[in-house]
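Colleague: This is what each chain is made of:
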Amino acid sequence: MDFNFTEEQDMVRDGLSRMVREQYDWETRRKAIASNEGWRPEVWAQLAELGILGMPFSEADGGFGGGAIDAMVIMEEFGKGLVVEPFVPTVVCAGGFLKHGGTQAQKDEHIGGIVAGSSVFAFAYAEPRGRFDYADLETTAKKDGAGYVINGHKAVVIGAPWASHLIVTARTGGERRDRSGVSVFVVAKDAAGITTRDYVTVDGRRAAEVYFENVAVGADALIGGEGEGLALIELVTDEAIAAICAEACGAMKVAHAMTVEYSRQRKQFGVPIGSFQVLQHRMVDMYTAYETAVSLTYLATLRLSADETERKRAVSAAKVGVGQSARLMGQEAVQIHGGNGVTDEYAIGHYFKRLTIFDSEFGNVDHHMKRHVALG
Amino acid sequence: MNLEFTPEEQAFRDEVRTFIAENHPTELGDFGMREDMTREEMVAWHKVLGTKGWSVPAWPVEYGGTGWSPTQRYIWSEENARANTFMPLPFGVSMVGPVIYTFGNEEQKAKHLPGIRSGEVWWCQGYSEPGAGSDLASLKTTAVRDGDHYIINGQKTWTTLAQHADWGFFLCRTDSTVKAQEGISFILIDMNTPGVEVKPIKLLDGGYEVNETWLTDVRVPVENLVGQENKGWTYAKFLLAHERSGIAGVARSKRGVEKLREIAANETLDGAPLIKDYDFAKKVSQLEIDLAALEITELRTLAGEQAGKGPGPESSILKIKGTEIQQRLTELMLEAVGTYSAPYYGSIANDTGSNEYAVGPAHAQHAAATYFNMRKTSIYGGSNEIQRNIITKMILGL
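As you go down the protein sequences, you meet chains P and F in turn.
All residue numbers for the first sequence refer to the numbering used here, where the first residue is 1 and numbers rise by one.
All residue numbers for the second sequence refer to the numbering used here, where the first residue is 1001 and numbers rise by one.
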């Protein structure tokens, strides 16, 4: 049993921390998310240069041989700076599908672009009526010769406006919500028949509704076995959950520190409000919620390679616990900031918004509580 | 970073498990704590461990500690929880022992540490007073110097299991002219000294585990002062931090959740096992999730200790979360047994002569009493509100 990070992991954290501090200051971020592009491709290029985008891939696949713990270290730093660039959709999700389910040809075709920063992916899994059930799909992929034809509507595809490629889930057989019959495809976003409706998310990112109308793909677009994609989706999304839990921990750490500092500066009744016990104890409970979240994020991350039941239990525990902590942290931080907490000007509100949307990604507290109960 | 045991640690676990299986006194069964335990029963396992050299694992090796790593200590508490052993009480092993080997003189170490290790000498804690609870430094018990003795007068309360105690460690005021914290001394008192009187306090679960301790003109030799006169507050705080580090009770709570699942599998609701009811199962899952978080938090703290940081203010988090979980666990046990939470089992004579319980299922018998008893956990050891004050000051820096 060991809770130490390796020297390399400490170096990655230090380097990324410096980069976020120096190049992702609040004003720069504000301008970038309000710009037409909504992100900074030059930041993405720099992440590629630093080796961050290649970190979780094996050396054989052209990466740097890192794993889930490295992703956790990276995501925590992204969370501290509310970094909007699409590391999770591209590296964790698309990268995960390629690593765990891709053929050698698919790896050869796509991983190099991810590592170099030239390919950006979005993960189109959610649907307007599917909620958090990855098998509840109305999107279909019908066999057509050697390939498939995809039709359907994918909802809130994070990072899609920036993406060159999409990972899309579709039903190739079985009934709606059946565990079998789910398949995963990789598609170029400019493929004929794909249209998108792009928009801004409340937490400063970009997303799109993505429509597939008779989109023809080859057999080589299928990742994993036909109709056997659900287990792969569950594995990759569990990895994504661990990653965004680490992101939430980073955001919570900053939100807490900001709140404590604000309570030191802000005076009412002639004294700093941080001298009031009623606020002190609430800030202690926020701190405890943060530490709880860190512990559960460690647990989920370290159990990603365990057997399926143990992995799912740990990941659901983390999504529940971190979700509860994030909700508490965001609401309390805003409350203690008083009126300033509900302005657009103060950074705390933006941390609140990210910590709020976190819950809706890859299953909320209720969803993962149900999964935890079902696992017994 | 990983959660796996090394082959050496697995071998250690096997050694511990075998040792417990072969040496835990069979007459104690696997009840853990029972209301009617005798002093001999409560120290039986302690004495076995004393002989083996495992009664004070966390102490420095030169004073009889085992030198185990944090992971080994974790394994040790897991295995004891698994077998539901009655562990050595904290008053000697975790409280006064560390104060004596850290601040005491050579004579005190030689006189007291062996009895603590072996379990021969029973210690109690004289801290709280009727007027000094959370505001412990306002304590009024006085120790006045008279030649080579102190004359001690005052009243202590919540003295746990003092009815069995041979010795007690007491906080007494030796200077009332200075700031409250600066006039307190840490004094060891032989509980058989004339003028020491222990009176039981009956608790709401019907049990007898705490006392009032009255001290009337008790003459104590000055060599029983630990460390320097008027520096007792420093030692008291040191002791409380040590007390809190083991207070999370993770291994015991894990065992408790297993028991809860067993009970809920045997109770029924709408003709199905209670554990199949989503509302109830959800509460169990929430408890398990919070317990998993606490377990990792404790392991992180232990790892920090191994890296040379003493038990710090983080132990206050362990105290708060650990006791909240212990209380919720007993609350769910109470809910699980349903209507059989109501009978006061202390009033029900078992006149059948059999070992069966007079009414209701066996697992219901302790549910209410344990629930009521465990309300103490968020109050003792520095109430959970006091822990929040400590975190405010030490971690938030406010």
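Please keep in mind that the hints were generated in silico from the structure rather than gathered at the bench.
Do not rely on the hints blindly, as some may be mistaken.
[As the list claims (entries may be wrong)] Here are the simulated PhoX-like cross-link-like pairs (lysine-lysine), alpha carbons at most 25 Å apart as the crow flies:
1. P/189 - F/1283
2. F/1393 - P/370
3. P/312 - F/1393
4. P/312 - F/1282
5. F/1376 - P/312
6. P/189 - F/1259
7. P/107 - F/1282
8. F/1276 - P/370
9. P/370 - F/1282
10. P/143 - F/1282
11. P/253 - F/1276
Colleague: Does each hint fit the structure? Answer for all of them.
Modeller: Going through the hints against the structure:
| no. | hint | in the structure |
| --- | --- | --- |
| 1 | P/189 - F/1283 | violated (44 Å) |
| 2 | F/1393 - P/370 | violated (39 Å) |
| 3 | P/312 - F/1393 | violated (38 Å) |
| 4 | P/312 - F/1282 | holds (16 Å) |
| 5 | F/1376 - P/312 | violated (36 Å) |
| 6 | P/189 - F/1259 | violated (54 Å) |
| 7 | P/107 - F/1282 | violated (41 Å) |
| 8 | F/1276 - P/370 | holds (12 Å) |
| 9 | P/370 - F/1282 | holds (8 Å) |
| 10 | P/143 - F/1282 | violated (42 Å) |
| 11 | P/253 - F/1276 | violated (38 Å) |
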